[in-house]
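Fit chain R to the supplied structure of chain G, relying on the hints for placement.
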Amino acid sequence: DAKTTQPTSMDCAEGRAANLPCNHSTISGNEYVYWYRQIHSQGPQYIIHGLKNNETNEMASLIITEDRKSSTLILPHATLRDTAVYYCIVRVPHGSSNTGKLIFGQGTTLQVKP
Amino acid sequence: KAGVTQTPRYLIKTRGQQVTLSCSPISGHRSVSWYQQTPGQGLQFLFEYFSETQRNKGNFPGRFSGRQFSNSRSEMNVSTLELGDSALYLCASSYGGWSGNTIYFGEGSWLTVV
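Sequences listed follow chains G and R, in order.
If you use my numbering, the first sequence corresponds to residues 1 to 114, in order.
If you use my numbering, the second sequence corresponds to residues 1 to 114, in order.
So that you can see chain G by itself, here it is in the shape it has in the complex:
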């Protein structure tokens, strides 16, 4: 079972920041949080990942709470092309036999509106 909880859907106005929350209250200290998105009929696209610290790349920012029980993916200036299903995934730690496996939940459908 997925170890994360995400809202089913969210709307965001074009040009505004999109903040996608994710709850992972049972996360272990050495488990990474990964974010992917999937635009209809395409393969999931990697966005960002983090362990403890906040992370930023050209696509998004990842804010992880101090207790690591939740995180937020931030798309700073959402465009219509950011409309997709966003998946938050907790990945088992290095050394586990399951580390190469991603467990997807239902994700959040983000609709960016003009």
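Worth flagging that the hints you see were computed from the coordinates, not collected in a lab.
Among the clues, some could well be false.
As the list claims (entries may be wrong) - Quick partial rundown of chain G residues pointing at chain R, CB under 7 Å, derived from the structure:
1. C12
2. S28
3. Y32
4. R91
5. P93
6. K101
Said to hold, decoys possible - Among the chain G residues that face chain R by a calculated CB cut under 8 Å, a handful are:
7. Q42
8. V92
9. L102
10. Q106
Note that the coordinates shown come from a computational prediction; the quantities given were computed from them, not determined experimentally.
Beta carbons are placed, not taken as given, at the ideal position from N, Cα and C, and that holds for glycine.
For chain R alone, coordinates are given in the frame of chain G:
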């Protein structure tokens, strides 16, 4: 750098037939994993290969099998196809499959069983 390449992109098979799907990972990546995506079940892990050895397996019947070659390319096979096998089959690769190594997905192979 080329991404994960899957062939064929689309195919139609008849119930009872078998199918082989191919995946070329990103150059240098040694871990290849396969996922099935259906509207009802979402994205589900099939299996993962690392250095030609199956390292992890999801909860699928034995009709689903795979292999990895010495050049890290991988194939998956589904025998005795059923209507319920109609799905998007996704291949993903990473350098080592460890929790800090990002997993990248291909565009998928759309299989329709009639």
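Comparing the hints with the structure gives:
1. Checking C12(G) against chain R by beta carbon gives a least distance of about 23 Å; that is not within 7 Å, so the hint is violated.
2. Restraint check, S28(G) versus chain R: the minimum CB separation of about 11 Å is more than 7 Å; hint violated.
3. Satisfaction of the interface hint for Y32(G) is found here, the shortest Cβ-Cβ separation to chain R being roughly 5 Å, below the 7 Å cut-off.
4. Evaluation of the R91(G) hint against chain R yields a held restraint, the C-beta minimum of about 5 Å falling below 7 Å.
5. For P93(G), the interface hint holds, since its Cβ comes within 7 Å of a Cβ in chain R; the closest pair sits about 5 Å apart.
6. For the restraint placing K101(G) at the interface with chain R, the shortest Cβ-Cβ distance is roughly 5 Å, inside the 7 Å limit, so the hint holds.
7. With a least beta-carbon distance of about 6 Å to chain R, the hint placing Q42(G) at the interface is held under the 8 Å criterion.
8. A least Cβ separation of about 7 Å between V92(G) and chain R falls short of the 8 Å threshold, and the interface hint therefore holds.
9. Hint status for L102(G) relative to chain R: holds, with the closest Cβ pair at about 6 Å, below 8 Å.
10. Hint status for Q106(G) relative to chain R: holds, with the closest Cβ pair at about 6 Å, below 8 Å.
Consistency with the previously given hints fails for numbers 1, 2, ordered from lowest to highest.
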